[in-house]
Amino acid sequence: AQKVTQAQTEISVVEKEDVTLDCVYETRDTTYYLFWYKQPPSGELVFLIRRNSFDEQNEISGRYSWNFQKSTSSFNFTITASQVVDSAVYFCALSYYGGSQGNLIFGKGTKLSVKP
Amino acid sequence: SQTIHQWPATLVQPVGSPLSLECTVEGTSNPNLYWYRQAAGRGLQLLFYSVGIGQISSEVPQNLSASRPQDRQFILSSKKLLLSDSGFYLCAWSLAGETEAFFGQGTRLTVV
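Sequences listed follow chains A and B, in order.
Residues in the first sequence are numbered consecutively from 1, following the numbering used here.
Residues in the second sequence are numbered consecutively from 1, following the numbering used here.
It is worth saying that the hints were derived from the structure and are not from the lab.
Glycine included, C-beta positions come from ideal geometry on N, C-alpha and C.
Accuracy of the hints is not assured; some may be wrong.
[Stated by the list, open to error] DEER-style ranges, computed between Cβ atoms: (1) B:T10 to A:Y64: 45 to 53 angstroms; (2) A:S42 to B:S77: 21 to 29 angstroms; (3) B:P18 to A:N58: 22 to 30 angstroms; (4) A:S113 to B:R42: 17 to 25 angstroms; (5) A:D18 to B:I53: 43 to 51 angstroms; (6) A:T80 to B:Q2: 29 to 37 angstroms; (7) A:A81 to B:Q73: 40 to 48 angstroms; (8) B:E26 to A:R28: 18 to 26 angstroms; (9) B:S65 to A:K3: 22 to 30 angstroms.
Based on the provided sequences and hints, a complete structural model is requested.
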């Protein structure tokens, strides 16, 4: 069965600190995709990144970076020099092919609070 | 560019009343469409998805139903709401064959 675990329910940091959000997944599929979404207080889910199971290269986008390790089934997300605007709930998700592509299994989210 | 519209933003309904939430997508054709629910303190749960007009797949048995009367329109309905239907409902779309989904702004439903 597919499952995504975000063990950190809430994290609080002070501005400019680095923070890493953990994500561990379970799947029997050999082909799958992993995602991170950001949910600001307004509620809309904002797509951040997609990673496929064949590409373990780490990715960096500005202050955001992602570390995908198949050996540990983890897809962690690091924010460098956090800012107050980074405060949001972050969801890690996994896609599977049991039905339509695009069906996502979400973790329960990590609420990040960045204090000035 | 593609946009997704979802309304209403908030809704308070009494138990036993009907429900209709609407979602439309602009700027793309034949998208895959999804309804997700986010209950308090829980992650997002896929309720329904559709790969075409009139084609609906249900992921979780429940008090809700979905319909897709037009290519870019997706409707979530209920004949009689339960207290447990309260939550944050999100509509999403993806391109056929693509995996990332793009979400609307959500509807916060409170059943009282």
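Status of the hints after comparison with the structure:
The supplied range of 45 to 53 angstroms is broken by B:T10 and A:Y64, whose beta-carbon atoms lie about 31 angstroms from each other. Between A:S42 and B:S77 the beta carbon distance is about 25 angstroms. The supplied range of 21 to 29 angstroms therefore holds. About 49 angstroms separates the C-beta atoms of B:P18 and A:N58, a value inconsistent with the hinted range of 22 to 30 angstroms. The supplied range of 17 to 25 angstroms is met by A:S113 and B:R42, whose beta-carbon atoms lie about 19 angstroms from each other.
Against the hinted window of 43 to 51 angstroms, the Cβ-Cβ separation of A:D18 and B:I53 comes to about 48 angstroms, which satisfies the hint. One distance hint, 29 to 37 angstroms for the beta-carbon pair A:T80 and B:Q2, holds here, with the actual separation near 30 angstroms. A:A81 and B:Q73 have their C-beta atoms about 43 angstroms apart, which keeps the hinted 40 to 48 angstroms range intact. In this structure, B:E26 and A:R28 break the distance hint of 18 to 26 angstroms, their C-beta atoms being roughly 37 angstroms apart.
With their beta carbons about 27 angstroms apart, B:S65 and A:K3 fall inside the hinted range of 22 to 30 angstroms.
In summary, the numbered hints that this structure violates are 1, 3, 8.
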